[in-house]
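**Student:** Listed here are the chains, written in short residue letters.
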Amino acid sequence: MRKGLYIFITVYIVLTDIAITALYLLNEKRVDAYVAINILIYYTSYAITRPSIPTSRVRFLNIALLLLFIAIVGYRVYEVLTR
Amino acid sequence: MLGINIVVVAVLLAVYSFVIMDTGLLGVAISLALVGGVMVVYSTAPQDPTTNFLLNYSKNLVNVLTSSLEDLDLLDSNIWIARRSDTTLAVFSRTPCIEDVDPGIGFSGGSPYIAIPIEVPATEYTASVESSEDVERMLRSLLIDEFSICRNVDVSYEDGLYRVTVIGLSSSLNEFMKYPLDPYTVITLATISRVLGARCVKLVGRRSIPDGVEIFVKVEKD
Numbered sequence: 001m002r003k004g005l006y007i008f009i010t011v012y013i014v015l016t017d018i019a020i021t022a023l024y025l026l027n028e029k030r031v032d033a034y035v036a037i038n039i040l041i042y043y044t045s046y047a048i049t050r051p052s053i054p055t056s057r058v059r060f061l062n063i064a065l066l067l068l069f070i071a072i073v074g075y076r077v078y079e080v081l082t083r
Numbered sequence: 001m002l003g004i005n006i007v008v009v010a011v012l013l014a015v016y017s018f019v020i021m022d023t024g025l026l027g028v029a030i031s032l033a034l035v036g037g038v039m040v041v042y043s044t045a046p047q048d049p050t051t052n053f054l055l056n057y058s059k060n061l062v063n064v065l066t067s068s069l070e071d072l073d074l075l076d077s078n079i080w081i082a083r084r085s086d087t088t089l090a091v092f093s094r095t096p097c098i099e100d101v102d103p104g105i106g107f108s109g110g111s112p113y114i115a116i117p118i119e120v121p122a123t124e125y126t127a128s129v130e131s132s133e134d135v136e137r138m139l140r141s142l143l144i145d146e147f148s149i150c151r152n153v154d155v156s157y158e159d160g161l162y163r164v165t166v167i168g169l170s171s172s173l174n175e176f177m178k179y180p181l182d183p184y185t186v187i188t189l190a191t192i193s194r195v196l197g198a199r200c201v202k203l204v205g206r207r208s209i210p211d212g213v214e215i216f217v218k219v220e221k222d
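Line order of the protein sequences matches chains A and B. Residue 1 is where the first sequence starts when you use our numbering, and the numbers rise one by one after that. Residue 1 is where the second sequence starts when you use our numbering, and the numbers rise one by one after that.
The reader is advised that the hints may include incorrect statements.
If you only want the chain B side, here are some residues facing chain A, beta carbon under 8 Å, derived [to be verified]: (1) Gly24; (2) Val38; (3) Met39; (4) Val41; (5) Thr44; (6) Leu142; (7) Asp145.
Source of the hints: derived by calculation from the structure; they are not laboratory data. We treat Cβ as the ideally placed atom computed from N, Cα and C, and that holds for glycine.
Build the full structure now, drawing on both the sequences and the hints.
**Tutor:** Below, the structure is given as structure tokens:
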């Protein structure tokens, strides 16, 4: 495995483990919170390590995760505005 | 395989969380599935275990080529692509676009040349000479999607010259940039030759820019 990719996967998994465990121990029940935090960690890890794997599948994954994150945040904002 | 296993475990965890009606655990399961999905996608990235060996092997071959160019006094010669019906040749010669070129070392009109047969997996079609979009699309497909050796490619056509800007070069290929022939130049020249159906494509210049390289190409014979 490429060094940059290896570091990215390691950072992503370690940060995700810490965050998800913390959320579960804090008794967080909202599913979208877990997903949003995971996506945020994905992009943070990507920005820190810069694995530079610009294949079309990775690009598609990046776009899909960004759209999912926007949908989650949009839904929460909408919820707050209509409360 | 690890990614798929993680997804399977995540699905089982999700089913269990449904049974015990724990949405927190469902969040953990979906998050785990996301991790698995990311690993599945990234496991498809090119990661040949023999890459290091091939890099070393290529460096040795490039050293041989550089020594040959030095001996034939061709270090500051023209680099061009000669496209024949069955082969594509990368040629070093004093005079560009000479007609009778055969693979290997030879002489034409009293001056020496080196012709190296190359293969670039590009789709064969003929675009108009000024169509930089077709060239850019093909170069992106090869350099980014197929080989993953750069982050971005930009092609522009001005005053009869193609300016190909390659950004985010692969760190393992950076070392080749100091040699007379580097992978980016070879692929760029050969791709332009194939996309435009040109019989002679000449390298006009190569310039290093921050995190990339600019390659100037001229189509000599359509």
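**Student:** For this structure, which hints from the list above don't hold up?
**Tutor:** 6
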